[in-house]
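Given only the sequences and the hints, what does the whole structure look like? Please build it.
Number of protein chains: 2
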Amino acid sequence: MAQRDIHLLLTGDELMSGDTVDSNSAMIAQALSAMGQTVAHKVTLGDDRPRLVAALKQASQDARVLIMNGGLGPTQDDLTAELVAAAAGVALVLNAEAERHVREWCAARSIEPNEANLKQAWLPEGAEIIHNPRGSAVGFAIEVAGTLVLTTPGVPGELKAMLPEVCGRALAVTGGEATQRVRFQTFGIGESTAQARIDERSHDWPEDVVLGFRAGMPQLEIKLTAPANSPELGRCREILAGVLGDHILGEDDITLAAALQQVLRDQGKKMVSAESCTGGLIAAMMTAEPGSSAVFEAGFVTYANHIKHSVLGVDEATLETEGAVSEPVVRQMLAGALARSGADIGVAVSGVAGPDGGTPDKPLGTVWLAWGTETEMHTHKTVLPTDRAMFQKLVAAAGLDLIRRQLLGLPKLPHYFSRRAI
Amino acid sequence: MAQRDIHLLLTGDELMSGDTVDSNSAMIAQALSAMGQTVAHKVTLGDDRPRLVAALKQASQDARVLIMNGGLGPTQDDLTAELVAAAAGVALVLNAEAERHVREWCAARSIEPNEANLKQAWLPEGAEIIHNPRGSAVGFAIEVAGTLVLTTPGVPGELKAMLPEVCGRALAVTGGEATQRVRFQTFGIGESTAQARIDERSHDWPEDVVLGFRAGMPQLEIKLTAPANSPELGRCREILAGVLGDHILGEDDITLAAALQQVLRDQGKKMVSAESCTGGLIAAMMTAEPGSSAVFEAGFVTYANHIKHSVLGVDEATLETEGAVSEPVVRQMLAGALARSGADIGVAVSGVAGPDGGTPDKPLGTVWLAWGTETEMHTHKTVLPTDRAMFQKLVAAAGLDLIRRQLLGLPKLPHYFSRRAI
Numbered sequence: 110m111a112q113r114d115i116h117l118l119l120t121g122d123e124l125m126s127g128d129t130v131d132s133n134s135a136m137i138a139q140a141l142s143a144m145g146q147t148v149a150h151k152v153t154l155g156d157d158r159p160r161l162v163a164a165l166k167q168a169s170q171d172a173r174v175l176i177m178n179g180g181l182g183p184t185q186d187d188l189t190a191e192l193v194a195a196a197a198g199v200a201l202v203l204n205a206e207a208e209r210h211v212r213e214w215c216a217a218r219s220i221e222p223n224e225a226n227l228k229q230a231w232l233p234e235g236a237e238i239i240h241n242p243r244g245s246a247v248g249f250a251i252e253v254a255g256t257l258v259l260t261t262p263g264v265p266g267e268l269k270a271m272l273p274e275v276c277g278r279a280l281a282v283t284g285g286e287a288t289q290r291v292r293f294q295t296f297g298i299g300e301s302t303a304q305a306r307i308d309e310r311s312h313d314w315p316e317d318v319v320l321g322f323r324a325g326m327p328q329l330e331i332k333l334t335a336p337a338n339s340p341e342l343g344r345c346r347e348i349l350a351g352v353l354g355d356h357i358l359g360e361d362d363i364t365l366a367a368a369l370q371q372v373l374r375d376q377g378k379k380m381v382s383a384e385s386c387t388g389g390l391i392a393a394m395m396t397a398e399p400g401s402s403a404v405f406e407a408g409f410v411t412y413a414n415h416i417k418h419s420v421l422g423v424d425e426a427t428l429e430t431e432g433a434v435s436e437p438v439v440r441q442m443l444a445g446a447l448a449r450s451g452a453d454i455g456v457a458v459s460g461v462a463g464p465d466g467g468t469p470d471k472p473l474g475t476v477w478l479a480w481g482t483e484t485e486m487h488t489h490k491t492v493l494p495t496d497r498a499m500f501q502k503l504v505a506a507a508g509l510d511l512i513r514r515q516l517l518g519l520p521k522l523p524h525y526f527s528r529r530a531i
Numbered sequence: 110m111a112q113r114d115i116h117l118l119l120t121g122d123e124l125m126s127g128d129t130v131d132s133n134s135a136m137i138a139q140a141l142s143a144m145g146q147t148v149a150h151k152v153t154l155g156d157d158r159p160r161l162v163a164a165l166k167q168a169s170q171d172a173r174v175l176i177m178n179g180g181l182g183p184t185q186d187d188l189t190a191e192l193v194a195a196a197a198g199v200a201l202v203l204n205a206e207a208e209r210h211v212r213e214w215c216a217a218r219s220i221e222p223n224e225a226n227l228k229q230a231w232l233p234e235g236a237e238i239i240h241n242p243r244g245s246a247v248g249f250a251i252e253v254a255g256t257l258v259l260t261t262p263g264v265p266g267e268l269k270a271m272l273p274e275v276c277g278r279a280l281a282v283t284g285g286e287a288t289q290r291v292r293f294q295t296f297g298i299g300e301s302t303a304q305a306r307i308d309e310r311s312h313d314w315p316e317d318v319v320l321g322f323r324a325g326m327p328q329l330e331i332k333l334t335a336p337a338n339s340p341e342l343g344r345c346r347e348i349l350a351g352v353l354g355d356h357i358l359g360e361d362d363i364t365l366a367a368a369l370q371q372v373l374r375d376q377g378k379k380m381v382s383a384e385s386c387t388g389g390l391i392a393a394m395m396t397a398e399p400g401s402s403a404v405f406e407a408g409f410v411t412y413a414n415h416i417k418h419s420v421l422g423v424d425e426a427t428l429e430t431e432g433a434v435s436e437p438v439v440r441q442m443l444a445g446a447l448a449r450s451g452a453d454i455g456v457a458v459s460g461v462a463g464p465d466g467g468t469p470d471k472p473l474g475t476v477w478l479a480w481g482t483e484t485e486m487h488t489h490k491t492v493l494p495t496d497r498a499m500f501q502k503l504v505a506a507a508g509l510d511l512i513r514r515q516l517l518g519l520p521k522l523p524h525y526f527s528r529r530a531i
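Chain order of the listed sequences is A and B.
Residue 110 is where the first sequence starts when you use this note's numbering, and the numbers rise one by one after that.
Residue 110 is where the second sequence starts when you use this note's numbering, and the numbers rise one by one after that.
No wet-lab data here; the hints were simulated from the structure.
Careful: at least some of the hints might be erroneous.
Same chains, same names: a pair is fine if it fits in one copy or spans any two.
Once the Cα atoms are required to be at most 20 Å apart in a straight line, the calculated EDC-like pairs of lysine to aspartate or glutamate come out as [claimed, not checked]:
1. 269 to 496
2. 502 to 267
3. 166 to 274
4. 378 to 186
5. 502 to 300
This is the structure in structure tokens:
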């Protein structure tokens with residue numbers, strides 16, 4: 110293990126029982142990442158003395174910096190200060206600066222510090238405090254056998270406020286080489302297809318540019334990481350952009366809905382949705398984005414057949430003869446939604462989300478989509494045999510993507526319809 | 110370390126960079142906990158060969174069972190099968206059962222399996238597969254130096270579907286003591302309020318019945334765990350049910366929408382939604398549940414003001430003088446939605462979701478709700494000063510809960526409106 114490694118050690122019974130989802134370690138990693146640092150190794154343990162002692166010992170052999178999170182509170186199961194003192198071979202002493210912080214914190218709340226409050230001021234001898242502007246427990250920094258141990262509280266708001274100092278202290282000893290990153294958000298291309306396309310170009314792919322994937326349904330994030338001084342990132346970015354083509358929604362954290370919102374805004378257009386099987390998810394995805402009122406006009410969730418007729422004007426005879434999951438019905442749903450809303454462009458979907466309702470003719474996962482404008486309307490049928498939640502997500506996302514594609518003048522039928530899977 | 114320890118090893122660069130918050134380990138811990146098992150030790154690493162090798166070696170010394178999560182995918186950085194094979198001292202072979210699974214999975218999607226797909230069928234020699242009903246990558250089970258290694262995919266939906274088998278295999282070797290559990294799903298009561306109400310009854314609370322909370326926005330799960338032979342669980346369950354009262358939606362994994370669907374179904378009634386600030390989320394929450402077509406008639410996402418008028422018949426002068434976020438507007442939205450859909454009961458919401466749009470008169474987070482029937486309609490205003498996503502979730506959930514309460518004849522204004530926070 111490298112001499113500049115940063116390790117994390119998270120403690121707390123609630124992290125082991127599954128009652129709490131740990132978001133602190135992601136917060137720490139992101140703060141470090143912004144400074145070009147990465148976390149090499151992360152261990153999570155309950156409030157368990159022998160295991161914590163063993164983990165501290167291991168980290169002091171392997172890591173240059175160990176960031177501990179949790180266990181700084183006032184209760185008996187908060188063991189961090191005691192165990193770090195033991196590992197450093199020093200006593201636990203009343204730290205004057207920490208005591209002043211506790212007393213000031215209590216005074217600001219008009220309470221008399223009790224024993225539990227003051228326990229938080231007993232720190233390993235020689236430790237420097239890490240200021241906590243949000244809570245009564247300070248963190249501290251101390252060297253243990255050549256490893257800088259930095260302790261932080263488990264309360265997310267307190268941790269967040271302390272991270273600049275924590276990361277600064279870590280960076281001061283790791284030195285740290287900055288990295289550069291490119292993150293593309295994509296839709297409609299799977300990890301294996303993307304990898305296969307990139308592999309075709311891999312004969313001249315530089316070793317110091319690392320490719321990574323993050324499957325965030327319905328999007329796939331594809332990213333490149335390289336040392337700050339690598340001259341190759343720009344070239345790799347061009348290769349990747351070429352390979353991913355019109356699947357790219359944008360960079361960094363952009364969502365499919367935000368990408369569509371941007372295109373609509375750029376073109377001064379407004380959209381409408383008419384949903385059956387997705388039940389409002391298309392509208393909800395669009396309106397989850399701030400600023401959606403400028404581009405999203407209305408959504409019609411016409412779940413029952415008689416509503417498709419009465420609200421959107423779908424012909425009753427067509428519903429009877431063709432069924433709700435059919436090309437003429439989605440076409441009429443879209444036409445009705447465009448006419449009733451006055452929107453420029455829209456999407457309509459009707460399908461069999463399941464788990465019941467499939468027939469030999471229209472099996473589970475069958476969906477008809479219609480998208481476009483009054484004068485340029487397209488339709489397509491596909492089958493997505495997956496569970497209800499995934500089916501709804503994929504269909505809603507495809508609906509948004511199809512509008513995006515039409516507005517941008519991209520090929521009418523995307524790659525994912527040719528493979529049938531989205 | 111005990112001989113029956115269960116360890117977790119999570120892999121993936123996205124877990125180290127802070128790009129992904131790990132919810133998988135909580136899911137695994139909860140599933141184990143339901144079987145009376147706990148996770149003793151958890152390590153998280155990037156897609157990093159030497160570190161993974163070291164962690165596997167350490168776990169095979171310390172743990173009876175090692176559950177690995179991630180790294181089963183089709184790309185180069187998916188190292189799990191290869192490294193476990195090396196640790197077990199066996200070759201990586203094309204597993205016939207896994208290959209059949211991949212081919213069937215591809216066939217169901219009408220795609221030809223490529224090399225990347227088939228990579229997922231190369232498993233350590235002698236491994237037993239763990240069936241994956243949701244994805245192309247199976248998990249597998251193999252003994253490594255006396256430690257049972259169980260591998261699972263990183264995609265949460267796939268992991269979830271595989272957990273019963275994974276936990277069953279773990280339990281078969283750890284033995285483990287059975288526990289009994291009661292889990293209530295609640296809405297509209299906070300953890301601290303629930304805890305305070307329970308504390309008032311704590312003088313005769315038995316020691317072997319453990320109370321736990323799990324905040325799952327918008328619901329709060331409140332659970333009791335006791336040894337299988339404890340006679341006290343029934344009594345504690347009655348106390349808890351009394352304390353939580355009409356905040357209880359049901360038991361086990363029931364959602365707010367499923368609870369409402371059940372009440373509507375029992376009473377043979379159908380609902381409609383008219384949404385502005387929640388943008389379709391009420392409809393989407395209802396229709397996410399299988400069977401919603403029997404009870405959900407239609408949803409109107411009247412985002413723009415002129416749509417509130419043209420689609421729902423809201424008076425233009427009222428919109429002008431009172432503004433879209435006002436009592437008469439939500440009342441007219443609901444009346445219009447009921448009339449146009451023919452539904453028995455419904456909810457309408459209009460509010461300031463932010464981040465922009467607040468005024469001194471109607472600050473950020475202001476929302477008007479109307480709910481009920483043509484003859485019994487109620488309205489209420491509240492202020493939820495939180496971020497957009499949380500605001501939308503809380504308002505949509507309250508909308509569903511208010512219909513549930515009215516149908517059940519519960520007090521018109523729930524506890525959470527008296528506190529203003531939901």
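Structure-based check of each hint:
no., hint, in the structure
1, 269 to 496, "between (29 Å within a copy, 13 Å between copies)"
2, 502 to 267, "between (25 Å within a copy, 15 Å between copies)"
3, 166 to 274, "neither (24 Å within a copy, 35 Å between copies)"
4, 378 to 186, "neither (52 Å within a copy, 42 Å between copies)"
5, 502 to 300, "within (18 Å within a copy, 31 Å between copies)"
Of the numbered hints stated above, those contradicted by the structure are hints 3 and 4, listed in ascending order.
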